[in-house]
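Engineer: Here is how the chains run, residue by residue.
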Amino acid sequence: MRNVLKPSGHWLLHVIVVLSFCFSATVFSQEAETSAEAGTTSAETISANVSNEANSQPEFDSLVKELTQGSLPARAQTAKKLAALKDERVAKIIGALQQGTLYATKDENPLVAIADEAGNYTNAISGEKIIGDTEELKRVPINNSMRSQLRTLLAQLNLTHQDATIRLDAVNRMIADGIDEDSISLLQELQKSEANDGVRKAIDSAVALFNLHSNDQQLRLGAIEVLKDSLQQEVRTALSEVASNDTDEKVKIHAQLAIKAIDSSIAKYRFAENIFFGLSLGSVLLLSAIGLSITFGVMGVINMAHGELMMIGAYVTWVVQQVFPNQIAYSLAIAIPAAFIVAGLVGIAIERGVIRFLYGRPLETLLATFGISLILQQAARSIFSPLNRAVELPVWMSGSLQINPVFSITYNRLYILIFGLLVFFALLVILKKTTLGLKVRAVSQNRAMARAVGVRANWVDAMTFGLGSGIAGIAGVALSQLTNVGPNLGQAYIIDSFMVVVFGGVGNLWGTLVGAMGLGIINKFLEPYAGAVLAKVLVLVLLILFIQKRPKGIFPQKGRAAAD
Amino acid sequence: MLTQRLLLSDRGGMIVLGLVLVTMILVPICNLLVPETSALHISTFTVTLLGKFLCYALLALSIDLIWGYCGILSLGHGAFFALGGYAMGMYLMRQIGPRGQYGDPILPDFMVFLNWKELPWYWQGFDMFWFALLMIIVVPGILAFIFGWLAFRSRVTGVYFSIITQALTYALLLAFFRNEMGFGGNNGLTDFKDILGFPIAASGTRISLFLASGFMLIIAYIACRYIVTSRMGKVIVSIRDAETRTRFCGYKVESYKLWLFVFSAILAGIAGALYVPQVGIINPGEFSPLNSIELVVWVATGGRGTLFGAIVGAFTVNYGKTVFTSYSPETWLFALGALFVIVTLVLPKGLVGLFNRTKKVASKNSSSNTPPENPVPTTDAPIKFAVNKSTENSISAENPVIAAAVKEPV
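These protein sequence lines are chains A and B, in that order.
So that you can map any letter, position 464 of the first sequence is 464 in my numbering, and since no number is skipped, the others follow by simple counting.
So that you can map any letter, position 194 of the second sequence is 758 in my numbering, and since no number is skipped, the others follow by simple counting.
Just so you know, these hints were derived from the structure itself, not from any lab.
It is possible that some hints are incorrect.
[To be verified] Pairs of lysine-lysine residues, derived as DSSO-like cross-links and limited to a Cα-Cα distance of at most 27 Å, are as follows:
no.: 1; chain 1: A; residue 1: Lys549; chain 2: B; residue 2: Lys681
no.: 2; chain 1: A; residue 1: Lys80; chain 2: A; residue 2: Lys106
no.: 3; chain 1: B; residue 1: Lys816; chain 2: A; residue 2: Lys552
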């Protein structure tokens, strides 16, 4: 019997290797891309700096010094002159002046310095750090009108920046602030030379926004034509103003049509966003329910401590980050297998210590595992304090993919969605293709027969429970990337996970997938109408009604096994 | 004849009820007549605590009736308890009248705070005590009826039922947390002033409430006893032991379950209504799934399947909780968790079972042979022969409940 079982002993190792490989592969490729990008931009900046410095060094020096002296209108003029120099340092100096972090001494040949958040000063001209006495340095005063002038100036400066994202940002800020005569000429000039598609589109809509108020009817109509593809809030406001106030009927009608087009595409993206958030919630539900589906569905064991196994996984992530504080980007590659092993071992301990005495008594199992969940929760409270712990998000998981102004996808949710599906399919493969999976299915279908042909049923029970618990641990790792880690982490998800299993149909992994995604999407679509809490209540009520129609879930078991 | 059937044949019940009665006589005397300096004096705080325990015992009784005798494990009975409590709380809120912080003669404080202009329709009538009493019975009863009708009709049984009841109380928890519901949101209903014209904090009122809880417990006990010893009771026990067989014998299993469930929910609602004026607050926390599952363990600890076991369990666990939480609050959850595990693993018949076992051992030694008085369920599975082999793993394949849940993992 021992020989028969041997080959399957490696399955655990397999899972860990496959999972951690998948995850670390994404980590490395991401890292490489960002660092390569950063490298090229900094190289460009340096070369630009060098060429400019040679040309305008003395003029730049004197203008910067002039900037800190004289009347406010005179200094505003100086700032404009300075901007015309096209020196790299100008943006920084004007930005500092606008934000009130530009300092200078009060003498004939002033020392001009920029203060950073930590209170350190750097020389604005040479870029060197100023060490020693900084008491002479006084903040350079500005007033409100000058501040707005400077903002426009800064935007214009950024419009000619090498980095496309900075240019885009500048255009969008100009659109938000409103476009005046000064900037429109600059924009029209740039419109011709702009190479980047995204930036040109933004400039197009900026120019069109300006043209909306021109006296030429043709120009206004043309502007509406351009703007009807834009999704920016400002565009919609401007168009609705035109639609109600314009003197020309034709322009009014066109504007109304454009607004309709914009609204319908906004609705389309909102829908897509809802689907994405639904899937994201679904993936979290999937991760938390899938382990439960194994223990509940395959073994008929109600594990109320499932949520606490997820909590253990989340705490493992936190501990790993505490142990390697400088390796946050790679911490997940360690945390995932570690969480799997720790939660799996705890699960096996629960199975061997308690559950194995209670097979055939599901209600007693439910109570006993609930007791275990209380103990684990209190243990977490005693060991890690009742306060929530924040797990740091690796850089490659933070931020979001901005598709357009109304639709963006956050990376952490995207990765967790992918990760949830990966775990799901890995589990499917384990149950379908490995020796362990075969034995699990054999034992669950006919325990006596499986034992008769030499399957160690006790061992299979322990391994199945360990596998389910380990997956709960992995789910905990994923959850720690979305919320804070605390002793109550698991409780919040346990009822939802049971709902998913019941909804999807017991003992059916595909049912769990459909159930999780379905519940996630339904939840997110109800939210805008009913609010988050009421949506949850409605889903629970709907589920109770659903079970009336299909007591065994969406995918009920068929055949003799399904009959009571 | 009826006394024989209800009380005299039930020795354990007689002892427990006797103890309750003795407490009900002694406590008021020790509180009101014995001077405060005396060692025998019982403080009003203790009276309230005991009154609370009596309410818990009533709640435990309602769980034991459906779980111990009919095998329906409800993990949402706290919801009925809380609904009864809210109905009472609404009456008490209306009694405050213009004495609230904002002095509005009709609207409770939290509604004034939320800028509500008039009383919602579901608050109408709660200024009358008889109406509140009616609602205490009707609201949990109707919810249990609708829920039970839906669940039992589609034959949702066993762990499925437990999980759905848990979802029910969870949904209510979320709903009652909302301010828009008009039940005081997070803070719930509190700051009560008087009940039926008597100041609520006075020791005389407290004693009356304590006595009312005690009487209610005794009445409910006798009513439950009447049910389980009747013909209907026999059918209910047979549903617990072999539901399908009972159905094939021609009994309408769904109806029996439904009425028992509704009756149990009403008992829970009454327990909640007596509980609220004694503790002086009702908030959505009472709906939390943890509360509901905790009260199941009271029954399990005391010994399910014996009505007095539920009362013993409620008193023991809650006394333990009071002691533990005052000495070191952290250890309480450890203790409660361990209690869950120990009771299910070692004490399937609870404390009462422990007592019966020692008695049986003693009687065996004196070679007398009396059959056990109360058949105590040891398993939720319909097949009896599986029970004794529970440590042997082969049973779960033979067990139809498990086999149903276990099939192919596709």
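Engineer: State for each hint whether it applies.
Structural biologist: Cross-check of the supplied hints:
1. A threshold of 27 Å between alpha carbons decides the hint, and for Lys549 of chain A with Lys681 of chain B the separation of about 42 Å lies outside it, so the pair is violated.
2. Using a Cα cut-off of 27 Å, the hinted pair Lys80 of chain A and Lys106 of chain A holds, with the two alpha carbons roughly 22 Å apart.
3. The suggested pairing of Lys816 of chain B with Lys552 of chain A holds, with an alpha-carbon distance near 22 Å, which does not exceed 27 Å.
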